[in-house]
Every structure is written in structure tokens, then in C-alpha cells.
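Participant: Residue numbering for the sequence shown is 36 to 196, as defined by the working numbering.
Among the hints, a few may not be true.
Claimed, not checked - Derived CB-CB ranges, DEER-like:
| no. | residue 1 | residue 2 | range |
| --- | --- | --- | --- |
| 1 | D64 | S126 | 11 to 21 Å |
| 2 | W99 | R176 | 20 to 30 Å |
| 3 | D116 | D175 | 33 to 43 Å |
Hints are computed from structural coordinates only; laboratory data are not their basis. The C-beta atom is built at its ideal place from N, Cα and C for all residues, glycine as well.
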Amino acid sequence: MTGRPGAAVWVWGSNTMQVDFYHLTSPLDRVLPRIAERVVQTGGRLLIVAEPEAQRVAIDRLLWSYAPESFLPHAHIGAGDDAAQPVLIASDVTTANAARNVAIVDGRWRDAALDFERVFHVFDEEAIREARLAWKALGDRDGVERRYWKQNDAGRWEQAG
């Protein structure tokens with residue numbers, strides 16, 4: 036099944052949340068802006084989580100420069116008026132911008148993400164072992180719908196699980 040990861044499946048009043056595992060075969064800078072754009076275009080807010088400071092700085096630069104015709108408002112946590120930011124970059128999971136979507140992009144799963152409606156857990160080959168452990172652990176949780184996406188040779192996403 037080939038698809039485009041799209042809008043969240045969260046149903047108000049239900050106890051189900053969605054975790055999408057994104058197995059990268061191309062650089063994060065080709066994936067993250069699209070996720071952020073989709074969330075913001077549908078009226079949502081996104082928290083982007085990366086522990087390493089260098090990665091957060093690179094994400095900030097990426098969101099300013101990935102496409103000349105695009106503008107994706109965002110900020111680092113603590114840079115001012117976190118609550119007003121549609122996209123917030125942080126070192127750990129927080130609800131400072133009232134996001135219901137979180138993108139964990141450093142490959143390290145955090146259980147605090149389960150408080151969100153949708154999680155984008157993005158990882159590469161270096162973090163595949165930890166992603167497998169998270170996948171397995173979440174399979175035992177009630178109210179969690181897991182989906183596994185992998186890029187094919189053409190760079191398109193295919194749902195693999």
C-alpha cells in the first residue's frame with residue numbers, strides 16, 4: 036500500500052491516538068518540512084522534539100530556508116511567546132504551544148508523547164533498534180494505533196505496518 040501520511044485519525048471522545056513511525060532512507064530535511072506544513076495547513080500545531088542542540092539549530096535553519104516560496108512560522112522554546120507558535124522546537128516533550136501533534140526527530144522515543152493526539156516518530160538506520168523497541172512496547176498499549184512508513188527507492192512513503 037502506497038500512501039501519503041496525512042491528517043490525524045484522532046476522533047474526539049475516543050481514547051485512540053496515532054503513532055506514525057517514519058523510517059528515513061533520505062535526509063530529515065526532505066521529510067520534516069512536509070510534515071510541519073501539513074499539520075499547520077490543517078489548522079494544527081506541531082511540537083518538534085530533538086535533544087541535541089545542534090540538531091535543533093539545524094531544524095530552525097531548515098524551516099526558514101527549505102523552500103523560497105514558503106513561510107512556516109516557528110520558534111525555539113523559550114524564545115518568546117511559545118503559546119502563539121504553530122511550530123515549536125524543543126529538546127523534550129512539552130505542551131508550551133498547545134500542540135496536539137508531536138514530531139520526535141532525534142530517534143529517541145519518549146512516553147510523554149502519548150499525551151498528544153498524533154506522534155510522528157522519525158528515525159534512521161542508527162536508531163532502528165530503539166524504534167523497534169518502541170513499536171513493540173506500544174503494541175501492548177490500549178488506545179494506540181501504530182503505523183509504520185518506509186521510503187521506497189523513489190523516495191515515496193509506503194505503509195509497511
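Participant: Between the beta carbons of D116 and D175, is the distance compatible with 33 to 43 Å?
Facilitator: holds (39 Å)
Participant: Does the beta carbon distance between W99 and R176 stay inside 20 to 30 Å, or does it fall outside?
Facilitator: violated (36 Å)
Participant: Does the Cβ-Cβ separation between D64 and S126 fall within 11 to 21 Å?
Facilitator: holds (19 Å)
In this structure, the one hint that does not hold is number 2.
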